[in-house]
Amino acid sequence: MLILGIETSCDETSAALVEDGKTILSSAIATQLDLLKKYGGVVPEVAARRHTELIGYVIKEALDTAGKTLDDVDAVAVTSRQGLIGCLMVGVAAAKTISYARQLPLIGLHHIEGHIFANILSNPDLPVPHICLTVSGGHNMLVQVKKNCKYKVLGSTLDDAAGEAFDKVAKFLGLDFPGGPVIDRLSKQGNRKAFTFPRPMIRSKELDFSFSGLKTSVINMFKEKIAHGEMLPLADIAASFQEAIVDVLVAKTLRAVEEHGSKVVGVTGGVSANSRLREVFAETCKKRGIKVFFPKLSLCTDNAAMIAAAGYARMLLGERSGLRLDVFPNTPLGG
Amino acid sequence: MIVLGIDTSGYVNAVGISDGAKVLADESFPARTDSLEQIVDNIDTTLKKAGLSLKEVEGIGVGLGPGSWTGIKVGVTVGKMLAFSANKPVAGIPTLEVLAYVARGKSPLVCSVISAGIRDTINAGFYRSGVKEGDFFTGDTKDLAALIKEPTLLVGNNIESYREIIVKQKLSLENNINIMEALPSGGAVACLAAARLNQGKSDEPLSLTPLYLKESTAKVFVNKYKVK
Ligand SMILES: [Zn+2]
Numbered sequence: 001m002l003i004l005g006i007e008t009s010c011d012e013t014s015a016a017l018v019e020d021g022k023t024i025l026s027s028a029i030a031t032q033l034d035l036l037k038k039y040g041g042v043v044p045e046v047a048a049r050r051h052t053e054l055i056g057y058v059i060k061e062a063l064d065t066a067g068k069t070l071d072d073v074d075a076v077a078v079t080s081r082q083g084l085i086g087c088l089m090v091g092v093a094a095a096k097t098i099s100y101a102r103q104l105p106l107i108g109l110h111h112i113e114g115h116i117f118a119n120i121l122s123n124p125d126l127p128v129p130h131i132c133l134t135v136s137g138g139h140n141m142l143v144q145v146k147k148n149c150k151y152k153v154l155g156s157t158l159d160d161a162a163g164e165a166f167d168k169v170a171k172f173l174g175l176d177f178p179g180g181p182v183i184d185r186l187s188k189q190g191n192r193k194a195f196t197f198p199r200p201m202i203r204s205k206e207l208d209f210s211f212s213g214l215k216t217s218v219i220n221m222f223k224e225k226i227a228h229g230e231m232l233p234l235a236d237i238a239a240s241f242q243e244a245i246v247d248v249l250v251a252k253t254l255r256a257v258e259e260h261g262s263k264v265v266g267v268t269g270g271v272s273a274n275s276r277l278r279e280v281f282a283e284t285c286k287k288r289g290i291k292v293f294f295p296k297l298s299l300c301t302d303n304a305a306m307i308a309a310a311g312y313a314r315m316l317l318g319e320r321s322g323l324r325l326d327v328f329p330n331t332p333l334g335g
Numbered sequence: 001m002i003v004l005g006i007d008t009s010g011y012v013n014a015v016g017i018s019d020g021a022k023v024l025a026d027e028s029f030p031a032r033t034d035s036l037e038q039i040v041d042n043i044d045t046t047l048k049k050a051g052l053s054l055k056e057v058e059g060i061g062v063g064l065g066p067g068s069w070t071g072i073k074v075g076v077t078v079g080k081m082l083a084f085s086a087n088k089p090v091a092g093i094p095t096l097e098v099l100a101y102v103a104r105g106k107s108p109l110v111c112s113v114i115s116a117g118i119r120d121t122i123n124a125g126f127y128r129s130g131v132k133e134g135d136f137f138t139g140d141t142k143d144l145a146a147l148i149k150e151p152t153l154l155v156g157n158n159i160e161s162y163r164e165i166i167v168k169q170k171l172s173l174e175n176n177i178n179i180m181e182a183l184p185s186g187g188a189v190a191c192l193a194a195a196r197l198n199q200g201k202s203d204e205p206l207s208l209t210p211l212y213l214k215e216s217t218a219k220v221f222v223n224k225y226k227v228k
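Protein chains in written order, with the working numbering: chain R, 1 to 335; chain B, 1 to 228.
Derived from the structure by calculation, the hints contain no laboratory data. Just so you know, not all the hints are guaranteed correct.
Pairs of lysine-lysine residues, derived as BS3-like cross-links and limited to a Cα-Cα distance of at most 27 Å, are as follows [claimed, not checked]:
hint, chain 1, residue 1, chain 2, residue 2
1, B, LYS88, R, LYS68
2, R, LYS296, R, LYS188
3, B, LYS55, R, LYS60
4, R, LYS22, R, LYS147
Listed below are several chain R residues computed to face chain B (Cβ distance under 8 Å; list not exhaustive) [as the list claims (entries may be wrong)]:
hint, residue
5, MET1
6, LEU2
7, PRO44
8, GLU45
9, LYS60
10, ASP64
11, LEU70
12, GLY86
13, LYS96
14, LEU323
15, ARG324
16, PHE328
17, ASN330
18, LEU333
19, GLY334
Away from chain R, derived, C-beta distances all over 10 Å, residues of chain B [as the list claims (entries may be wrong)]:
hint, residue
20, GLY51
21, ALA86
22, LYS168
Cβ atoms here follow ideal geometry from the backbone N, Cα and C, with glycine treated the same way.
If we strip away everything but chain B, and leave its shape as in the complex, we get (with noise of 0.2 Å):
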């Protein structure tokens, strides 16, 4: 089954094409601060570079975030309209599910991070051999390092510095923790993507939406703009 995977939602435009769980195409496009401008080019462009057309396409997978408010609104726009207008089945995946994914193999627990834009606060999702464990956690550092009490490989852009704080924080998992540098993959969106379409779990295309983890984010909304 081919497959077409976006992730718009770090701040790159990632598209990627896989056949089952092959990746055909895996590329990475710089974008701008809102992905907008470039993204339906890069899709054309990727597809042409595999020498596939939008025709031979049979599934599209969407990464829903967290990440960039705005990558993820115009990632999860493109995919659900490409679904709907090609009229081709859409999975959504969550992007610390395709972090993880690209870190598959290489430590029996990952713990994907992501930036929750918000000072000091991060998404996190923890993978036992590519299961997800637990739910996912947004928070601070202090409470993340909590949770990590076990050899773990984290994963993610600029995670060098999250190694750092969370050492920071409990000393004792200074040798406990590994890194990789990883950003969303549009291949690896595809073939998670490809897995859950073969086994007849496609989303409905128009109700997909961003995932959003900051309940607190709301909540900042609510208290700064109530109506006093």
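Same shape as in the complex, but just chain R (with noise of 0.2 Å):
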């Protein structure tokens, strides 16, 4: 069965098919960084009208790279759930309007549940159940991830999420956007244990996440420093500000694992690229004889593979949805 999978729901257009949930026949994705560079984040405004220019060429891109046409789609997957409103409306009227006009069942997905399928789709022996670690400049959640498409949220962040504080934090110190490849580049060549910075909730019971606080503190002293007039130690700064997050972040994943038996972790979404994350979580789960998988580099971030994948076990299970798909922004995963 192949699908084609429409993503829009925050900054990257993408379409992509793939074929019975497993072969990635094509993957446009247009990146709007040089939007989110001109005005230092996403606007969600300027992030949609950008969506409605491209949306065409990009679904072109994905069936002339696959050699394919229309004809040879069998169903349509979308991102109609969790993400930026009118970003999100744009991927569904795409999709609905192809779904209609071929006569295509359509089905429309939670933005999350495709980060999940990121991590099945690039590893097909990656077990389910398993718990799943999503993290990134939008979200950061621990999920137990159930078989036929059923997840359970264990915890999630109560403000900022990783990949926000890696963005803020290199915006600060001058860095580019966005500010996780530059931090986790300029980490390299930083002692990361020359600063100690708090470990938000590293011992707390709960499995949510605060980011903010770590944030505050790297800033404060990024300030004292400069007020003092001392030299600024920039990959320093970057790598114990990482060593910091990566901590948390392995720390409250295993506590998941343990409380709830799992020996396999998924690591998803775009922080899942991170180097430093990738290179402790499997130090930390061998030791511990937990299994650990993270999506191919080019399925961390937003992509519409992921999409098709998630939309193929849905059809599967005999979802579908109507012409009348709407969007849903807030809607919680599982909801």
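Each of the two chains sits in its own frame; use the hints to bring them together as a complex.
Encoded structure:
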């Protein structure tokens, strides 16, 4: 079954063709990085306008790259839940129109479910059930992934997502946007033990996260250094800050694993591309006899292939959305 | 030539069908603020009412706005993806032209008016016997009043209120301004698109984008979000 996936929930306009939920034939992504750099972040209305301009081209690109036409497509899957409302609408409007014009089944999906499937798509041997940490600029949660597309959210962030903290600290340090990859690169030249930043909620029994205090602590220290006219060891600050985030993410995930008796962890979302996070997860999990899985780097950030894969799984369960499919910007996963 | 026209820029789903200049169907569906949920259903309902299938449609017309930001994004995306996936030619029509077409023949000079969604800012277009005169206007009522120099028919949504403010700005116009209340019409979009398509003037479907007249809005964004 060939599924056309469409994803426009935030700042990537993307379309992909995936065969049987397994084989990616094409994955076209038009990133709005130029706009993000210009405005220093996502401006919802600007992003939505750009989606409107790009959506058709991106879908055509996905078809052309795969050497397919709409005649070959069996179903359309689209992100309809969680994201920026104006952005979601563009993808859903395109998906339902194609579905109507070509008489194809349509399925609307939750964005986070897509990220969970980015990992399943990358690792055919990733077992379900497992514990999944999803972490990006927009979300940060621990999810129990069960069979038949059932999910239980175990914890989520009370304030900033880890990716958001990366972006904000990077911006403050005068680094480029998005902050995650820049801090990752810079940290390789720094000493991660140079500064001791707080590890918020690392000892708490809850499975929730909070990164706002850590962010403030880094920014305050930075200001203090400037006030004393000290040289700024940017790489050391970046490495120490990144280490604090990684410590919290790993510790919380392992707590979830212990509490829920799972021996398998999936880490997904934009921040799952972070090299130090992958390293620490791999070391720690190895010691404890836990298997850990990450998506391919190309599937960490938002993409439509993961939506097509999730769509396939739900289609197999017999689920369909009608042509009245609407968008729900704030619906939680499993809601 | 059977053409399907849609316009969702004015807080309604306007869907119509024309055969040349003859309107076969002209429906206006109340939409929630976003137009998204019902639009495809509304297209299907309109086709069925006219006893037609999508296969029999030979061209698509899309209202490009200005109007509701979200509404236009939905309408333009639906219009272009319909043209692309059903393999039909498409013509994008400015919604100000659609309103002027609705008022055609009622006055030599028509001025169509659409709220810009920002306090006291309006979009307008002048049409003399159906032909656009000058550039589209974006500004406040005072500047629009200055442009009106002869008997003019104002057409648009909530048009009485615009007449009042314009006359307040320029009392000399009191007897020169007539009004006609109107919303975008799918039938009008279809007729205008048919005329354009017949002349071979179709648009490249994937390139269709909403018509945003508000330069000022883009600037508002830049000023608000610019990294300091
Ligand atoms: Zn995401």
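Hint by hint, here is what the structure shows:
no.	hint	in the structure
1	B:LYS88 x R:LYS68	holds (19 Å)
2	R:LYS296 x R:LYS188	holds (21 Å)
3	B:LYS55 x R:LYS60	holds (21 Å)
4	R:LYS22 x R:LYS147	holds (17 Å)
5	MET1	violated (19 Å)
6	LEU2	violated (15 Å)
7	PRO44	violated (10 Å)
8	GLU45	holds (7 Å)
9	LYS60	holds (6 Å)
10	ASP64	violated (12 Å)
11	LEU70	holds (6 Å)
12	GLY86	holds (6 Å)
13	LYS96	holds (5 Å)
14	LEU323	holds (5 Å)
15	ARG324	holds (5 Å)
16	PHE328	violated (11 Å)
17	ASN330	violated (15 Å)
18	LEU333	violated (22 Å)
19	GLY334	violated (23 Å)
20	GLY51	holds (18 Å)
21	ALA86	violated (4 Å)
22	LYS168	holds (32 Å)
Hint compliance for this structure: hints 5, 6, 7, 10, 16, 17, 18, 19 and 21 are broken, all remaining hints hold.
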